[in-house]
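Engineer: Please put together the full structure from these sequences, using the hints given.
Line by line, the protein sequences give chains A and B.
Using my numbering, read the first sequence as starting at 404 and increasing by one per residue.
Using my numbering, read the second sequence as starting at 10 and increasing by one per residue.
Among the hints, a few may not be true.
Said to hold, decoys possible - Facing chain A, a subset of chain B residues (Cβ under 7 Å, in silico): (1) 138; (2) 141; (3) 142; (4) 493; (5) 494; (6) 709; (7) 713; (8) 717; (9) 729; (10) 734; (11) 793; (12) 796.
Said to hold, decoys possible - Incomplete in silico selection of chain B near chain A, CB under 8 Å: (13) 133; (14) 585; (15) 589; (16) 669; (17) 671; (18) 673; (19) 721; (20) 725; (21) 731; (22) 732.
Derived by calculation from the structure, the hints in this document are not laboratory data.
Yeah, the Cβ is synthetic: ideal placement off N, Cα and C, and Gly gets one too.
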Amino acid sequence: MIPTRFEYVAPRTAADVVAALDGESRLLAGGTWVVPEMGRAESRPRRVVDLRRAGLATISVEGSRLRLGAMCTYSDLLSSEDVTRHAPLLRTMASGVTGGSALRNQATIGGSVAAARPQSDVPATLVALRADAVVAGPAGSRRVPTAELFLGAGRTTLAVDEVITGFDLPSERMSGHGYVKLKRGGSSWPIVTAAALLRLDDDGRCETAHLVLGGVEAVPMTVDLTIMLGRPLGDQELDVAAARTVAALSAPWTDVLAPGDYRAAVAAPAARRALAMARANVGVTEGERHGRRPDCP
Amino acid sequence: MEVGLRTAGKSVGRPVRKHDGDAYLTANATYTGDIVLPGTVYAALVRAPLAHALIRSVSTAAAEGATGVIAVVTGEDMIPWCDEIPHGLDAGHLGGHHSAVFPLAVEKVVYAGEPIAAVVATSEADAHAACLMVEVDYEPLPVLLDVESALAADAPILYPAWAENVLIEGHVGNDDFAEVARTAPHVLEGELRTHRGTAAPMEPRTYLADWDAGRQHLTLYASTQNPHVLRTVLAAAMRLREDQIHVVAPKVGGSFGLKMYGSREDFIAPVLARMVGRPVSWVEERAASLLPAAREQVLSYRVAFDDDGGLLALDVEALTDHGAAAPTHGWAMAYVGALSTGLGYAIEHCHVHYRVVVTNKAPWSGTKPFGKDGATLLLERIMERVAAATGVDAGTVRRRNFVAPSAFPYRHTSGLELDSGDYAAALDQTLEILSHERLRADQARLRAQGRYLGIGLGFELMPESADIPGGFVAAYDTSTVRMSPSGRVSVLTGVTSPGTGSDTGICQLVADELGVALDTVSVVQGDTDTCPYGFGNISSRSLVTGGNAAVLAARDVADKIRAAARALLRADYDEPVLIEDGIARLTRDPSRSVSVVEAARAVYTRSYELELDVEPHLESTRTYRPSNIREVPDALGRMQTYTTYPYAVHASVVEVDVETGVVTLLRHVATHDCGTVVNPLMVDGQVTGGVVMGLGAAFSEELVFDDDGIPLTTGFKTYLLPRAVDVPRVELGHLCTPAPGTPLGAKGVGEAGFAGALAAAFNAVNDAVAPLGARLDRTPLSPIAIMRALREARR
Numbered sequence: 404m405i406p407t408r409f410e411y412v413a414p415r416t417a418a419d420v421v422a423a424l425d426g427e428s429r430l431l432a433g434g435t436w437v438v439p440e441m442g443r444a445e446s447r448p449r450r451v452v453d454l455r456r457a458g459l460a461t462i463s464v465e466g467s468r469l470r471l472g473a474m475c476t477y478s479d480l481l482s483s484e485d486v487t488r489h490a491p492l493l494r495t496m497a498s499g500v501t502g503g504s505a506l507r508n509q510a511t512i513g514g515s516v517a518a519a520r521p522q523s524d525v526p527a528t529l530v531a532l533r534a535d536a537v538v539a540g541p542a543g544s545r546r547v548p549t550a551e552l553f554l555g556a557g558r559t560t561l562a563v564d565e566v567i568t569g570f571d572l573p574s575e576r577m578s579g580h581g582y583v584k585l586k587r588g589g590s591s592w593p594i595v596t597a598a599a600l601l602r603l604d605d606d607g608r609c610e611t612a613h614l615v616l617g618g619v620e621a622v623p624m625t626v627d628l629t630i631m632l633g634r635p636l637g638d639q640e641l642d643v644a645a646a647r648t649v650a651a652l653s654a655p656w657t658d659v660l661a662p663g664d665y666r667a668a669v670a671a672p673a674a675r676r677a678l679a680m681a682r683a684n685v686g687v688t689e690g691e692r693h694g695r696r697p698d699c700p
Numbered sequence: 010m011e012v013g014l015r016t017a018g019k020s021v022g023r024p025v026r027k028h029d030g031d032a033y034l035t036a037n038a039t040y041t042g043d044i045v046l047p048g049t050v051y052a053a054l055v056r057a058p059l060a061h062a063l064i065r066s067v068s069t070a071a072a073e074g075a076t077g078v079i080a081v082v083t084g085e086d087m088i089p090w091c092d093e094i095p096h097g098l099d100a101g102h103l104g105g106h107h108s109a110v111f112p113l114a115v116e117k118v119v120y121a122g123e124p125i126a127a128v129v130a131t132s133e134a135d136a137h138a139a140c141l142m143v144e145v146d147y148e149p150l151p152v153l154l155d156v157e158s159a160l161a162a163d164a165p166i167l168y169p170a171w172a173e174n175v176l177i178e179g180h181v182g183n184d185d186f187a188e189v190a191r192t193a194p195h196v197l198e199g200e201l202r203t204h205r206g207t208a209a210p211m212e213p214r215t216y217l218a219d220w221d222a223g224r225q226h227l228t229l230y231a232s233t234q235n236p237h238v239l240r241t242v243l244a245a246a247m248r249l250r251e252d253q254i255h256v257v258a259p260k261v262g263g264s265f266g267l268k269m270y271g272s273r274e275d276f277i278a279p280v281l282a283r284m285v286g287r288p289v290s291w292v293e294e295r296a297a298s299l300l301p302a303a304r305e306q307v308l309s310y311r312v313a314f315d316d317d318g319g320l321l322a323l324d325v326e327a328l329t330d331h332g333a334a335a336p337t338h339g340w341a342m343a344y345v346g347a348l349s350t351g352l353g354y355a356i357e358h359c360h361v362h363y364r365v366v367v368t369n370k371a372p373w374s375g376t377k378p379f380g381k382d383g384a385t386l387l388l389e390r391i392m393e394r395v396a397a398a399t400g401v402d403a404g405t406v407r408r409r410n411f412v413a414p415s416a417f418p419y420r421h422t423s424g425l426e427l428d429s430g431d432y433a434a435a436l437d438q439t440l441e442i443l444s445h446e447r448l449r450a451d452q453a454r455l456r457a458q459g460r461y462l463g464i465g466l467g468f469e470l471m472p473e474s475a476d477i478p479g480g481f482v483a484a485y486d487t488s489t490v491r492m493s494p495s496g497r498v499s500v501l502t503g504v505t506s507p508g509t510g511s512d513t514g515i516c517q518l519v520a521d522e523l524g525v526a527l528d529t530v531s532v533v534q535g536d537t538d539t540c541p542y543g544f545g546n547i548s549s550r551s552l553v554t555g556g557n558a559a560v561l562a563a564r565d566v567a568d569k570i571r572a573a574a575r576a577l578l579r580a581d582y583d584e585p586v587l588i589e590d591g592i593a594r595l596t597r598d599p600s601r602s603v604s605v606v607e608a609a610r611a612v613y614t615r616s617y618e619l620e621l622d623v624e625p626h627l628e629s630t631r632t633y634r635p636s637n638i639r640e641v642p643d644a645l646g647r648m649q650t651y652t653t654y655p656y657a658v659h660a661s662v663v664e665v666d667v668e669t670g671v672v673t674l675l676r677h678v679a680t681h682d683c684g685t686v687v688n689p690l691m692v693d694g695q696v697t698g699g700v701v702m703g704l705g706a707a708f709s710e711e712l713v714f715d716d717d718g719i720p721l722t723t724g725f726k727t728y729l730l731p732r733a734v735d736v737p738r739v740e741l742g743h744l745c746t747p748a749p750g751t752p753l754g755a756k757g758v759g760e761a762g763f764a765g766a767l768a769a770a771f772n773a774v775n776d777a778v779a780p781l782g783a784r785l786d787r788t789p790l791s792p793i794a795i796m797r798a799l800r801e802a803r804r
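Structural biologist: Okay, here's the thing in structure tokens:
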């Protein structure tokens, strides 16, 4: 039940969405955050602009890039072979989202990014994947690297009359991925997430390495792993990465579920585990990754 | 009460499904919120945004002009319509302080979220929207958020007339610790802190009140545990006669103590309905449903023991963070905690000094298992510490201290008298289910690999079916059994069911007594116009009180059926008749029989064929009043106020990830004894549910406040209930020592599981981190607390 009155529109194009946006309107994607907030009267927009009819739930591959509509739900990610092939990290992330099937069918990746909640899974995952957000505004469309989108808890660089229509990201078909999430139980939001992507060259040396943590700071925290490039991935290298994670921390995030000192303390083990998982994943085929042994019929 | 014990019959003792389970499963069960009366309007509450403040003024004008608004009512406005709320157990009459609480705050707020005004509107949304338009001018006052600050010499006094921040204090047992300790081989001291938690039923408090101005009559549909007593206190405060009020409790979506009668929330809808003259619906918001609290205590202890781990004396200083004063029984949880401290262990000297301290948080409110959880956790922690100090195995320490089966009846130092049980047998069974020896070996092996398994025990002994002399909590209750001319059986009872299935158990009992099929019997409860006056469901009492009463009443009806059968069969008046499978037959000549239906019909239609001293009706109302209650205090002021003493021994197995503090619950075992089991499905369900609730309290459920006393845990994303993925299948063992001197031998089971699970989990986590030198002396066992303990250990 939403106590306050508001105008509701559900435009059919991104341009019409943009036209409906102003300082007193609120975008509605899956609504899993916006609707409860309005129910508690913490948000009282004059107009709600629903994205459900704007055609933003497509998934496609163009060349070596994966394109995801902003209205893709976790279930959409989970059922997409393109996602499984080109961004298995997203699949792993989506399969562990808190809230069960009701939430997976409803919540969207665009909504999660726009909400910019430090304790959500999606922002850090998309940053690790070096995704660009495709943003529509009055002047047309622009692309913003997701790493540059987040300003703070609940704050993005998006203007009030802009909307994320989708994401565009490079294929990670050749990478191993790791995803680790610490939380306080089945009903808890994530406390810390760590998303890792590793690619090895033919000699088993690290060719690319990406590590982004969510929940430890107000915005996704990228750990610079340049130091690992060109080296074999031994336990020692993972220790170095964990140490770099600790060094990268500046202002740990605190919320009701966990204080900053806890997040800071568990960031390194989370990072190390994500990298270890990614290392173990490198070169694993999609079939194996999803539990089907290759020799099974 | 002289009655033969019975254990199993056609229905009793069998895993019968809920008699009304289909209605729940197919969404056809009617809850209070499902009922809509013509012309219903909706109430919403304006709640205090500050934890302590004077109300300078309340401006309702803007809200009154808002869409759909019918009335805006302040605390002052309500005073002519409702006196202060009668106390369930007034501390002011027991050496403590009285507090006057009205449905809406008047002049002052003492906790954030306290209701200060109500809006009634034609839709729920409009009522809530108009609440946002009520302007309140507050003068903030200093805030007290913990017992230490509240007891400080310079602390502001919350209720100035009291001149202190202690609602009530008292002693249980003799204060002779120092004497014993002087010669004791060992003395340990420590402190245990428990955290604030709550009941969290899925269905919040929900009411629909209908005032009929013509008849001057109130009908209240309420999600309540005690409809009759609710009517009594409503009548008193609203200055109505009890016969002017009809309370109906439809299906209840969980209560766990939250829906005990007499909270201020009980009065909101009835008073508003009378004020506006229309049916008023009020559903408590989730955030408000999470305000009432329990459990937050500081327990300082000293224990004296011998070289073998035998406890010689225990002394406890128990500080309760009650929050604001309230008219409910909440504070009594501190008293019950003191009464049950050490219960089940043969400790000759056991003394508890309890103090109930008021702070600027929402008040304590009766919550399963009513204060016995803190006492259990404390003793089980002490057992582990004594074991560590003496080098005696923790199970053996418990065995050495348990009250032995040969010692019953055993009077504890608090006055409670244990009737029966075999605590060591429960421990043995739990250790056997656990494969304890093998598990310890696994633990040692894994530790060498840097993995930290922990195994913890928890013994719980729950005094159940409470009796409060002079109060509306009674050890007895009343049931009517009525058979119609067509042989249908209705049980009308003063006890209720919050969804636990005690009503199915009552059906089973009555079906067996009358020798009829289970689906012949239905239960009517929760209706003050049709059911005998009773005390509802609290203190695990429904089956023990209402069930025993129904058995007695059913036996009367069965006797009448026998008399009718004898008359129809032209048998002598003393001819024994056996009723079974719906047939009454002569025991000595089974070929001569009539159906129960024929006999029932005959009672109503051929009454002149019956013996003249047999009244021609098939109805009996009986009260079951247990014989072991002693309301009159002995020379030491001790009473025996509980009917049954079920118990359990739990074991938790956890793995602690020492890099993150995350705990994985690997196993939970509980061997439980609630005497005669009427329905094993329901008993297993109750124990399992209690275990999960206790594990939730141990690990994740915590009410959190900011520095100003504003609650931060306002929903189930922040107040973290366990989910199915968090809890392993609970492995249950069963013992049966029937409650002596009772018709059924059944003991209460509604609070089972919680305390022992909490204690076992607490000990398991401590066992896991002990090799790292870490120790936790407070709940919850959150990853944050565990990491802090590990960090401190490294220092």
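Engineer: Now, for every hint given, state plainly whether the structure supports it.
Structural biologist: Hints, verified against the model:
1. The interface hint given for residue 138 (chain B) holds, since its Cβ lies 4 Å from the closest Cβ of chain A, which is under the 7 Å cut-off.
2. Satisfaction of the interface hint for residue 141 (chain B) is found here, the shortest Cβ-Cβ separation to chain A being roughly 6 Å, below the 7 Å cut-off.
3. With its C-beta approaching chain A no nearer than about 11 Å, residue 142 (chain B) sits outside the 7 Å limit, and its interface hint is violated.
4. For the restraint placing residue 493 (chain B) at the interface with chain A, the shortest Cβ-Cβ distance is roughly 44 Å, beyond the 7 Å limit, so the hint is violated.
5. Of the supplied interface hints, the one on residue 494 (chain B) is violated, with its beta-carbon coming no nearer than about 48 Å to a beta-carbon of chain A, more than 7 Å.
6. Satisfaction of the interface hint for residue 709 (chain B) is found here, the shortest Cβ-Cβ separation to chain A being roughly 5 Å, below the 7 Å cut-off.
7. This hint holds: residue 713 (chain B) has a C-beta 5 Å from the nearest C-beta of chain A, less than the 7 Å allowed.
8. Evaluation of the residue 717 (chain B) hint against chain A yields a violated restraint, the C-beta minimum of about 14 Å exceeding 7 Å.
9. The beta carbon of residue 729 (chain B) is positioned within 7 Å of a beta carbon in chain A (closest approach about 5 Å), and the interface hint is therefore held.
10. Residue-level restraint check for residue 734 (chain B) holds (minimum Cβ-Cβ distance to chain A is 4 Å; threshold 7 Å).
11. Below 7 Å, beta-carbon pairs count as interface contacts, and residue 793 (chain B) has one with chain A at about 5 Å; its hint therefore holds.
12. Annotation: interface hint on residue 796 (chain B) holds; nearest CB of chain A at approximately 6 Å, less than 7 Å.
13. Interface hint at residue 133 (chain B): satisfied, since its Cβ lies 6 Å from the closest Cβ of chain A, which is below the 8 Å cut-off.
14. Contact between residue 585 (chain B) and chain A, as hinted, is not supported at the beta carbon level, the nearest pair being about 59 Å apart and thus beyond 8 Å.
15. Interface restraint check: residue 589 (chain B) against chain A, minimum CB-CB distance 49 Å, threshold 8 Å, status violated.
16. Interface hint status for residue 669 (chain B): upheld, as the beta-carbon distance to the closest one in chain A is roughly 5 Å, under 8 Å.
17. Given the 8 Å rule on beta carbons, the hint for residue 671 (chain B) holds: about 6 Å separates it from the nearest Cβ of chain A.
18. Interface restraint check for residue 673 (chain B): the shortest CB-CB distance to chain A comes to about 11 Å, outside 8 Å, so the restraint is violated.
19. Proximity of residue 721 (chain B) to chain A holds as hinted, the smallest CB-CB distance being about 4 Å (cut-off 8 Å).
20. Look at residue 725 (chain B): its Cβ gets to within about 6 Å of chain A, closer than 8 Å, so that hint holds up.
21. Hint status for residue 731 (chain B) relative to chain A: holds, with the closest Cβ pair at about 6 Å, below 8 Å.
22. Interface restraint check: residue 732 (chain B) against chain A, minimum CB-CB distance 3 Å, threshold 8 Å, status holds.
In summary, the structure is inconsistent with hints 3, 4, 5, 8, 14, 15, 18 from the numbered list given earlier, while agreeing with the others.
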